Amino acid sequence: MMDATRRGFLYGLGATLGSVALTDLLAAEASSGAGPSGEATSQGPLASKPPMFPARAKNVIMLFMEGGPGHMDTFDPKPELTRLHKQESKLTAGQETGFKFFVGSPFGFRKVGQSGIEMCDQWVHLADPYVADELCNYRGCQAESLNHPEALFHMNTGSRLGGDPALGAWTTYGLGSENQNLPGYVVMTELALPQGGAGNWSNGFLPPHYQGTRLRPEGSPLLDLASPSFKTRQHQRRALDELARLNRSHLESLGAEDQRLMARMESYELAYRMQTEVPDLIDLSKESQQTQEMYGLDQSETATFGRQCLMARRMVESGVRFVQIFSGGWDSHDYLERGHTSRIKSVDKPMAALIRDLKQRGMLEDTLVIWTGEFGRTPDNNKRGGVYSLGRGHNNQAMTMLMAGGGVKPGAIVGGTDELGSSAVECVHPIRDLHVTLLHLLGLDDNKLTYFHAGRYKQLSQFGGQVIQELIA
Amino acid sequence: MSSFRLSTVLLLAVLLLARATTGHADEAKEANEANERLFTLKVLPLLKDKCAGCHGGAAEDIKGEFSVLSRAELLRGGESGEAAVVPGHADEGTLLEAIRWESWEMPPKENDRLSDQQIAVISRWIDGGAAWPDPKAQQRYREEAEKELVNEDGMIASTSGGTSAEWTSRRYQPEDLWAFQAVQPPSDLDPQAAPSQHIDTLLQRRLDKAGIEAAPRADAAALIRRATYDLHGLPPTPEEVAAFEQAWQQTPDRAWQDLIDRLLESPRYGERWARHWMDVTRYADTGGMANDFERSNLWRYRDYLIRAFNNDKPYNEFVVEQLAGDELADASVRERHQGDEAAVRRARLEGDYTPEETEWLIATGFLRLGPWDNAMIDADEARQIYLDDVVNITGQTFLATTMRCCKCHDHKFDPIPTRDYYRMYAAFATTHMAERPAPFLEVESREGFDQGRAHVRRLLDFAQAEKNRLVEKREAAAREWFEKHDLPYKNEQQRKSLPDEQKPPRHVGLTIPEQGQLKVREQDEWIWQRRLERYEPMVQSVYNAKAARIAWNGARKLRIQKPPKKAQPLVNHILTGGALTALGDVVQPGVLSALSLPASPGAEDPYLVTPDVDGRRLELAKWIAHRDNPLTTRAIVNRIWQYHFGKGLAANANNFGAKGAKPTHPELLDYLADDFVRHGWKMKRLHRYIMLSDAYQRASVPADQERLQLEDPNNELLSYFPPRRLTAEELRDGILAITGELTPSRGGLPIMPEINMEVALQPRMIQFSLAPAYQPSRSPQQRNRRTIYAYHVRGQADPFTQLFNQPNPNESCERRESAAVTPQAFTLMNSDMITDRSIAFALRLQREAEPLEQQIQRAFQLVFSRDASPTQLRDMKTYVRDMVSYHRQHVPEPVEYPAVITRSLVEEFSGDTFEYTEILPVFEDYVADTKPAEVSAETRALADMCLLLLNTNEFLYVP
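In order, the protein sequences belong to chains A and B.
Heads up: the first sequence begins at 1 in our numbering, then just goes up one per residue.
Heads up: the second sequence begins at 474 in our numbering, then just goes up one per residue.
Here chain A stands alone, though its shape is the one from the complex (with noise of 0.2 Å):
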């Protein structure tokens, strides 16, 4: 029902998606559920399944910042910039043209921890040691779309077109997942959906059961989990009783076994389970003060990213195979400062929880959880609305990203751009390397793990890639 005064059809906080894919328990409808390596799946396309060889890690957590960060006013210095701010620029990367000029960071950089991992000052939280000293930066991944959606594909799925797995979709084919009561790929976004939108964690050629459920982080968590407000559990409970009856006495004229029938009928005993595992899922209530002051759910600008994060660590904690977190706001083609200072402290502190507290819990040894956007941004600008406007455009050859627990190695710079940071010149690597890399800290090889789609055996890497061994521990 839509309840118009209470809500106020105040909408943009992340309202859900219908094409969800739980747990099902149709294997004999599942035509090509059989896994990687081809072993029939006879508890269902997202039971669990062993990695191909030992994994670093078992489970993901991946913060998105769409829009793209930029490098050099997150993580990776450029004082030369700083030098050269607002002198005319030559520079051919990007996509913006006519006269440019470089634009220095608004902001100033220390180094932090043991380790001596840069970042800019804005980062308060994530500066703390026992935070830092986990983190591994790497500078060395090229992206090759500088559009936002092509890049969000790229990124997501491996191919810039769309329609692809998304790597979430793609582990839990190759590993199923934890906990047959719950999705096993959950989404959630802040505000509205990302440019191309679902495309982002669909299950593409894969079986449905693979695509990205999308959960919101207020209301109703799952499209239509709830009954209408006047029908009660007791009220649904009567209905599937009788839907049950009838269920079974057209499957008796039938004379036959029908696996289809009969797990479709258990299905719905799954959804009835469900709409109480769900909200309890999410219910922080069930978390201390002090979590939740950690997480920021106190601050008006931390309580979004906050909210997802504790519930990202309580959904892995359940079984909850690949979480993903899409973050907006970081085009900041003008007005840098502002906009980046309001995004790094809208994810500063929530991070920096999320990480101590899979620390404190023993939890990050198997829980990669990694920050990155769909591209990095130029050191320049072009003239917008004619003033020198202090952004910067979209940028494929350079972009930063952050990892942490899950196999790599904590404390570490890796790879690196050049004085400007308009492009990777060290561990430069493409995104489908990228991906290999992280599958193979799950314990997967990119290479085995295919699908058979369209005439051949499909890949993440599309053609296949490298492990950046660089970043493993």
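It is worth saying that the hints were derived from the structure and are not from the lab.
Here the structure is a predicted model, which means the values were calculated and not measured.
Even glycine gets a Cβ: it sits at the ideal position worked out from N, Cα and C.
Hints are supplied without guarantee of correctness; some may be wrong.
To be verified - Looking from chain B toward chain A, a few residues come up when the C-beta cut is under 7 Å (computed):
| hint | residue |
| --- | --- |
| 1 | Arg643 |
| 2 | Asn1283 |
| 3 | Thr1300 |
Claimed, not checked - Simulated DEER-style distance windows between Cβ atoms:
| hint | chain 1 | residue 1 | chain 2 | residue 2 | range |
| --- | --- | --- | --- | --- | --- |
| 4 | A | Gln259 | B | Ala1076 | 53 to 63 Å |
| 5 | B | Arg549 | A | Ile472 | 23 to 33 Å |
| 6 | B | Trp574 | A | Ser288 | 25 to 35 Å |
| 7 | A | Gln259 | B | Arg1339 | 23 to 33 Å |
| 8 | A | Met363 | B | Ile985 | 47 to 57 Å |
| 9 | A | Gln259 | B | Gly1051 | 19 to 29 Å |
| 10 | B | Asp661 | A | Gln259 | 36 to 46 Å |
| 11 | A | Ala244 | B | Arg1339 | 36 to 46 Å |
| 12 | B | Ser660 | A | Ala244 | 30 to 40 Å |
| 13 | B | Glu533 | A | Ala473 | 26 to 36 Å |
Let chain A serve as the given structure and place chain B on it in line with the hints.
Below, chain B alone, put in the same frame as chain A:
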């Protein structure tokens, strides 16, 4: 005598000895030649194909310091220092264990792994001495072998030639080339028998061989449900069921035939079958990608499809119209104007077309169905994306061939060289996307144009008013700034070029939220401005030109352009590895050569089409639609079979290549293809005799389930009719039909069903802003129409149809998924949609029957085409009565629809969230469906029962 004898003996001995020696030498020579031949014909192609990618490039790129490019390098081995090959000793070198995946697992990809036979070949070659003849000798061996088209290793397929000699002369297993060979209908069929009997004869052969008994004929109720869903995508009405059952009792065969004829004559048929075509061709009303622009009036193509099916348009014409309708229209205009080219050009710009010509233009919507947007993509690359897409979709749709592989290299499994890919690419190289003027047709519905235009204007006015308010505020502040600095006021455009210190800051006078709001309003302004396009007589089509230039935001507006003055000559190359910069051989426009079906009979290269700007596509289309094109004819009859039986005779309807499933009944497939062409490429005839076959009429429960589990678990032999779950459209349309809410439509503007409101109002990013909220059609009559008429937005799927596996329109869907996932249960039990339908259903029952018992019976008849059993009647009566008491205690809240919403967005200007309001004028005078709060407890209780019935397996599965 004795000496003679002796000498003879001696001589013989000498001779024998000599023979033995030369014999030894001959044998060795033969063995060596055999080894050389083995190397040339089998080993070298494997090394090149499987290894050289990583172990055959320039020295610095070679992996593991190991190269397979020469014998010496194989003998030396790689970085491990061990020899890869020890001639004469297959078990010694490192190569074999690596390719057996016992050590290094080479090649590393599952895809490329060598088969046991291939490993055996390499092993034999090493044991035989690992010969490596020089290139000249290799060429000699190849030429020798090519003389023998078929040998024990397979057959050579004749093509335009690959990028390597090895590929060109490689051999295929004949069964892998089945689809490329001419259609060969069986010759032993009884000429007196009807086509439906031929189908049964050809199916029975395999059943007999397997000793499987077929299931008996289904009962009348099952058959009318099956046929009505199959041809209309709707359930039969209780009245239709009763009439059919009565006729069936008298003469079952007659009744069945009449039923099929009646169903095929109804316009509901086209509404069902056009949707199948839209799955394959990827229909959507928007272009996807960054902006997801509406493709204005693409509904004209959807309605063209519905008309084509209803009018039983011959399939060969259907093919040519979709691929080259614009060329047909040009030719027709030319003819009308006695060859006046100026008239052709004028018609293109002014849209002066006859209804027939217009219809042809509409058909080319096929060439506009892929997702495409050039925002921030290089012009050449954007063009390549379009052409690759068109080549691929043409291959999949009409030829059941996956072309994508050959974009980068010669096909790994099928006889399609990359040359042929680029020949086809060149055939489309003069094709350019455009929205073209073309008058609306008499048959096309223009219902809702005025109302729609007024709605859009309202939204446009709102956006402009909001924008102007903000602009005025900014300019007032700017004016103040100029005054304060004692400078003359200049408006925003004029001051753009001023240095920073001589003008106010960029967003002067606006707060941060206002800056974000202004951006949103500016976007909205042109979104709604552009939306007015949909009321213009315009069609999504293409035109031919040597070249065209597309603006950076060109997807917004694609019109026929004047040809650029200095167009480069149009030359197409093979693009090696698919890279625009890696130019390989020059190619001419052409067709697939492996079919041995000429496009230009008698020409020097018969597989080429005209190099002129015009005519390339038409010639390609005619080649595809040629009666002797075995891919085309098999592809379409296979699809039709698939939609009737759930699975094609060849199970991969988009891929007849070596990696697609082989046909289970090749003779039947060829019989159908041959018969189809012979009788005018008519689909309705094909439907009729497929449905008249015994196989189609079988019960959906196997005769002997246990035996079948062992002998034919996948029901390949069709001993029973495979039941299937309703498709998303059948589910929505069927429910609307059962509740009595379904409204007939004449097509036209897409309808906006009431989708989940949270999704409807869910903000979603487009390139610079948020897309406007989804507003359903105002009245039930407008929105409760069949799903095929719904607005299909790539970036915003209807969660209901998506959940029930309506395919993603970015990929051609050869066959739908029907996997059940738990959220389907949520939606069918809890959604507003199902709640509203169940109330409507209950109200219908109360209108049409009394007392409760009769209402229950009527409900069972509407949903299941049968009466309730006495037990069910009793159970349902109890249930409804109990629910009446329940609902007296539980009163629902009224539902309101918002006419104004507040939306929020993180703005990159500030990194902060800002809010803005959006109006939803539809909800100002919205005619909602009847809601639970508006009906009595009795109705709600009855609705509970209705909702249950719509959740049953008996309803969800077509028997």
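Results for each hint:
no., hint, in the structure
1, Arg643, "violated (17 Å)"
2, Asn1283, "holds (4 Å)"
3, Thr1300, "holds (5 Å)"
4, Gln259(A) / Ala1076(B): 53 to 63 Å, "holds (57 Å)"
5, Arg549(B) / Ile472(A): 23 to 33 Å, "holds (32 Å)"
6, Trp574(B) / Ser288(A): 25 to 35 Å, "violated (52 Å)"
7, Gln259(A) / Arg1339(B): 23 to 33 Å, "holds (24 Å)"
8, Met363(A) / Ile985(B): 47 to 57 Å, "violated (39 Å)"
9, Gln259(A) / Gly1051(B): 19 to 29 Å, "violated (43 Å)"
10, Asp661(B) / Gln259(A): 36 to 46 Å, "holds (39 Å)"
11, Ala244(A) / Arg1339(B): 36 to 46 Å, "violated (20 Å)"
12, Ser660(B) / Ala244(A): 30 to 40 Å, "violated (55 Å)"
13, Glu533(B) / Ala473(A): 26 to 36 Å, "holds (29 Å)"
This entry does not satisfy hints 1, 6, 8, 9, 11 and 12, going by the numbered hints stated previously.
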